[in-house]
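There are 2 protein chains.
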Amino acid sequence: MKPAKRRGRQTARDVTTEDRILNAAHAVFVRSGTAGARMHQIAKEAGVNAALLHYYFRTKDRLAEAVFQRTARALLPAIIRILESDAEIEEKVSRVIDLELAHLSRAPYLPMHLISELAHHPARVQQLVSAVFGGAPDSIGRRVQATLGRQIRARVRARTMHPIEPDQFIVNLMSLCVFPFAARPLLKVLLDIDEPAFHAFIARRRVDLAAFFLRGLRP
Amino acid sequence: MKPAKRRGRQTARDVTTEDRILNAAHAVFVRSGTAGARMHQIAKEAGVNAALLHYYFRTKDRLAEAVFQRTARALLPAIIRILESDAEIEEKVSRVIDLELAHLSRAPYLPMHLISELAHHPARVQQLVSAVFGGAPDSIGRRVQATLGRQIRARVRARTMHPIEPDQFIVNLMSLCVFPFAARPLLKVLLDIDEPAFHAFIARRRVDLAAFFLRGLRP
DNA sequence: GTCTATATAGGGATAGAC
DNA sequence: GTCTATCCCTATATAGAC
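Top to bottom, those sequences are chains P and S.
Counting from 1, position 9 in the first sequence corresponds to residue 8 in numbering that gives the first Met the number 0; the numbering is continuous, with no gaps.
Counting from 1, position 168 in the second sequence corresponds to residue 167 in numbering that gives the first Met the number 0; the numbering is continuous, with no gaps.
Source of the hints: derived by calculation from the structure; they are not laboratory data.
Given the structure is predicted, the values throughout are model-derived calculations rather than measurements.
Here a beta-carbon is modelled for each residue, glycine too, at the ideal position from N, C-alpha and C.
Just so you know, not all the hints are guaranteed correct.
Stretch by stretch, here's where chain S covers chain P in the computed footprint (C-beta under 8 Å, at least three residues) [what the hints assert, rightly or not]:
{"no.": "1", "stretch": "80-87"}
{"no.": "2", "stretch": "139-153"}
Cβ-Cβ distance ranges computed for the label pairs, FRET-style [said to hold, decoys possible]:
{"no.": "3", "chain 1": "P", "residue 1": "156", "chain 2": "S", "residue 2": "97", "range": "52 to 58 Å"}
{"no.": "4", "chain 1": "S", "residue 1": "148", "chain 2": "P", "residue 2": "210", "range": "17 to 23 Å"}
{"no.": "5", "chain 1": "S", "residue 1": "198", "chain 2": "P", "residue 2": "162", "range": "18 to 24 Å"}
{"no.": "6", "chain 1": "S", "residue 1": "206", "chain 2": "P", "residue 2": "76", "range": "28 to 34 Å"}
{"no.": "7", "chain 1": "P", "residue 1": "206", "chain 2": "S", "residue 2": "217", "range": "17 to 23 Å"}
{"no.": "8", "chain 1": "S", "residue 1": "55", "chain 2": "P", "residue 2": "162", "range": "26 to 32 Å"}
{"no.": "9", "chain 1": "S", "residue 1": "14", "chain 2": "P", "residue 2": "161", "range": "46 to 52 Å"}
{"no.": "10", "chain 1": "P", "residue 1": "77", "chain 2": "S", "residue 2": "72", "range": "37 to 43 Å"}
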């Protein structure tokens, strides 16, 4: 590979040509959607010839799959690890919110891509499972829900928490973190805010959200 | 137009050929994304010849635009009307949640389509504004936020509500309603639930969500 | 208004030189 | 490993008969 002549803004991980392609593909796929993305555009942003994409990843679909798996590994496993740890519930909520809002501030379209791919391309479902946790097909979700369920029941018995189903707990938490980023273009129109205002909005959220959520759990 | 020979399951509004096309286009665009959608597929599901699509809507993009505007008009205006009405906050929360969950249970991919189109196709932003409210460019969002802001401040002074920014209020409410549907394929994998379990999940949500949200607003 | 037939372009993919 | 040239198919779009 040629070391010089890198066109796009390259990160520290832009070492090998394959990485450059993967990074560019990630950007283009997320920006335009997999169906709308153009191989030539990816090649251009990676600063390489279009034929090289087929040399490294045989087809567009394989390239999309590689990007998808990378996206799936970016955040979900870390969230799951927090939720099934043995930390207190308040601790879990804070840590999940901190992690999600920090990460999504840097990669705002990440969840959109994940969701959109899953919706349009049924094969991705299996790929998600194997990407997030090597072999466990369904047990992951059940395990997290069981852990949370035990914690919640204990707190309800102690009169320090309002009853809530574990799945509703998880979905509420994820909704409040992810949706603002996924719906960013919509919110900008509806709330009439621009880019800096959006960042201020998220900054405020990092301060307020955990407290709002935890008040919702009080008895 | 020929009255017989309708292939797809037709609704009561499948009266004119143009409607049939629009309905089929809606289904295909939402299912496959605009870029992934194929004109032939739309024609097939509408039960008409492919050339007819171009007779009624000159290009694929115009057809996509028509579908988008229809999608935008489906829910947003009603939500906005509730939020800027003079009902009490508790009442607003309940009504928005009821309306959204009922509507999205029938059209789960509606918000995904809206968001995805806005993200991928910058021209849609302007089209959204003119679709939701004829001429008012930005004032809609500001007006809703002002109304809510006044209500919240009054309640905070009366010590019956915890302070919260109007924009955070709106985004929290929308997040909790919309995200579960937008992320449905993801949630099915993560929570290990199938179609009927998802419906049960939403049914439970229609009972619990307003109370959860309102607890989050308590002082 | 609706159909058949066809023009045209764009994009994914390959062959083969270097 | 990387480039140039090119193939081929698919999808949008149009022309024109009925």
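Now for the hints, and whether the structure bears them out:
1. 80-87: violated (count 0)
2. 139-153: holds (count 4)
3. P:156 <-> S:97: 52 to 58 Å: violated, 32 Å
4. S:148 <-> P:210: 17 to 23 Å: holds, 19 Å
5. S:198 <-> P:162: 18 to 24 Å: holds, 21 Å
6. S:206 <-> P:76: 28 to 34 Å: Once the Cβ atoms are compared, 32 Å apart, the range 28 to 34 Å for residue 76 of chain P and residue 206 of chain S holds.
7. P:206 <-> S:217: 17 to 23 Å: holds, 18 Å
8. S:55 <-> P:162: 26 to 32 Å: This hint is violated: roughly 54 Å between Cβ atoms.
9. S:14 <-> P:161: 46 to 52 Å: holds, 49 Å
10. P:77 <-> S:72: 37 to 43 Å: holds, 39 Å
This entry does not satisfy hints 1, 3, 8, going by the numbered hints stated previously.
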